[in-house]
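Chains A and B supply the protein sequences, listed in that same order. Letter 224 of the first sequence, counting from 1, is numbered 224 in the working numbering, and no numbers are missing. Letter 292 of the second sequence, counting from 1, is numbered 292 in the working numbering, and no numbers are missing.
For the record, the hints were derived by calculation from the structure and aren't laboratory data. Quick reminder that beta carbons are idealized off the backbone N, C-alpha and C, glycines included. Any given hint might turn out to be false.
Rough simulated footprint, nothing fancy, chain B against chain A, three-plus residues with beta-carbon under 8 Å [to be verified]:
{"no.": "1", "stretch": "89-102"}
{"no.": "2", "stretch": "117-124"}
{"no.": "3", "stretch": "133-139"}
{"no.": "4", "stretch": "269-275"}
Given next are the chains, with one letter for each unit.
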Amino acid sequence: MTAAFAPRTITIDGLGFPYPSRAMVERWHAGGVSCLNTCVTIWGNTQETLSLVGRWHRVAAENADIMALATSPDEIANIAASGRIALVLGFQNTSPIGHDIELFRTFRELGVCIMQLTYNLQNYIGAGCWEEHDSGISSRFGRKAIAEMNKLGILVDLSHCGDRTTLEAIDLSAKPVAITHGNPREFVGSSGFGTHRLRATEAIKACAARGGVIGLSPNPHMMKNREQTTVAEFCDMVHWTIDLVGIDHVGIGSDYCPGHPPGTRRFWRYGTWSRDEITQVIAEPGEAWQDWMKTAADFQVLRHGLEASGLSAGDTDQVMGGNFLRLFGEAFAADRAA
Amino acid sequence: MMIDGLQCGYFTRDVFATLKEGGFTCVTSTLGFWEGSQASLDAIGRWRRLARANQDLMLIARTANDVMHAGESGRVAILLGFQNSTLLDGRIDYVELFAELGVRVVQLTYNNQNEAGGSCYEEQDNGLARFGREIVREMNRSGILVDLSHVGDKTTLDAIEWSQKPVAISHANAASLFPHKRNKSDRVLKALAERGGVIGCATYRNITPESACASVRDWCEMVARTVDIAGVDHVAIGTDEGHGNTQADLDWMRAGHWTRGADYGAGSAARPGKVAKPDWLPRTSELAKVRHGLLEVGFNEAERDQILAGNWLRVYREVFPA
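Based on the sequences and whatever the hints tell you, model everything.
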């Protein structure tokens with residue numbers, strides 16, 4: 001077994017979306033990432049998503065020398081200790097569930113441990129950050145969905161949700177939730193993905209107050225200075241967020257999504273729901289990331305940056321993975337009755 | 001002529017014969033409540049087989065002229081309708097595809113919130129969502145009638161406003177005459193009428209005043225009071241009659257796959273199961289009684305004919321492909 005980088009401690013990427021292949025996962029592995037919330041789908045329906053989950057199981061099995069699927073902190077730690085990367089399967093939407101309450105268990109049994117409730121738009125559960133109106137969590141399916149996720153051990157992700165849906169979900173969830181990849185609106189200002197894609201201070205505070213974690217992203221489209229953003233600026237954002245909610249609630253979620261065929265990014269944004277151009281969103285951002293983080297292989301630049309910024313080694317470890325690992329332990333555990 | 005804006009259940013040869021006997025010119029059927037695109041295609045396939053096997057009694061209508069033609073040839077015109085927009089699976093392109101397959105009526109939401117908007121049983125409804133705006137305009141373009149019967153209040157108002165063609169509340173009553181979450185406020189009915197839409201008055205007992213279930217005259221009185229609110233050009237019939245639905249069908253309509261618990265839909269814990277048909281309407285064919293009933297409560301023949309068919313037909317002409 002080869003380890004490109006033997007992690008000193010657990011490093012967790014709160015959200016990435018590699019095309020399902022060895023070549024793409026290798027980038028995170030080379031970057032010393034011990035665990036990745038691996039996005040399986042954004043708009044996929046049940047059938048399409050079953051196919052994608054199946055593909056990830058195959059990719060993991062065929063490349064067991066560098067990766068393995070994980071559904072618990074123990075598995076993550078064991079896989080990391082063997083020099084491999086632990087892939088936790090996650091969805092960026094509940095489109096695979098449709099409105100079938102039983103499908104949460106089905107997908108959880110297939111290893112899907114993280115689900116973002118909505119992706120930019122409204123669905124049966126709540127509203128996304130690109131909706132003009134946000135009615136909050138649906139009093140019917142939405143509440144049942146959150147209770148079911150809590151019960152089965154599926155982490156609720158609120159990164160792309162609308163402001164009201166985000167707050168209501170935090171309030172309704174019996175377990176801590178995550179903003180796996182989202183930057184503070186108050187710190188960043190505006191973003192290439194629209195102001196509302198950035199997370200409100202109130203939501204970040206509420207998420208932390210209930211034991212959740214917010215994954216900060218170096219994604220240039222969520223930083224004020226885009227690809228001119230420096231490591232120091234990113235670290236300033238980490239410090240700003242720690243000052244806001246404390247060291248226990250800040251992590252990293254790169255939002256790095258490599259290897260997908262041309263047109264895929266457009267599809268993520270426009271989906272199948274519109275023929276119009278979406279004006280508030282940059283066209284095809286591609287992978288024009290900052291020089292210091294061209295790919296996930298540069299992940300440890302963040303660790304070095306944080307240490308250089310004056311964050312203690314222990315605090316740096318928490319931000320780089322410890323906090324997400326703690327959250328995964330709490331959120332992936334099924335209730336005894338389930 | 002007599003047009004019913006909504007029925008559901010199992011359409012068999014016997015049902016077509018009953019509809020013909022009752023003098024129905026046109027009925028909108030329900031092909032789905034929660035189904036996605038694949039199951040919805042199955043339902044359209046079943047209807048095509050039904051149409052081939054019963055072409056002496058009925059036809060699937062795609063245009064207002066088809067409806068007229070069915071009437072002239074003594075057959076019942078069936079409009080293919082869905083009570084939810086789930087058939088689209090979130091895909092804007094499917095609106096046109098389903099329109100080309102003959103789908104003519106799609107309700108935006110059914111009981112619960114979805115990608116298009118809020119629904120009548122949700123605690124919160126902040127209006128037509130982005131996908132809702134997309135599909136309303138696409139339905140306008142493709143010739144599908146937007147149905148708002150089970151839709152939430154705010155989403156209903158938004159859709160009435162946003163739609164470039166008249167929309168329908170195919171099966172509901174006025175909430176001011178019978179307060180119920182499924183029924184529509186005077187504000188909604190007036191907005192609907194202002195934009196040329198039509199409400200089909202229902203005979204479904206859970207959402208219909210007791211008196212209107214007791215006698216045909218009282219049901220026609222209810223229609224007259226609805227006309228007082230929306231105007232005679234905007235009131236029609238949408239019974240919500242079900243053919244042969246079993247408890248299992250009722251469970252699917254109400255609970256779908258979204259809940260394991262009890263959901264009573266338009267019913268209640270006190271009235272959980274199937275409800276009796278109105279006393280005056282034990283068989284669907286007896287809806288013909290309203291022909292006389294509407295005259296009895298003061299409508300003239302021209303107005304009566306508008307309520308029976310003319311108003312629906314006008315909307316169909318404005319909305320469906322020529």
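To test your reading of the hints: which numbers does this structure violate? Per hint list: zero violations.
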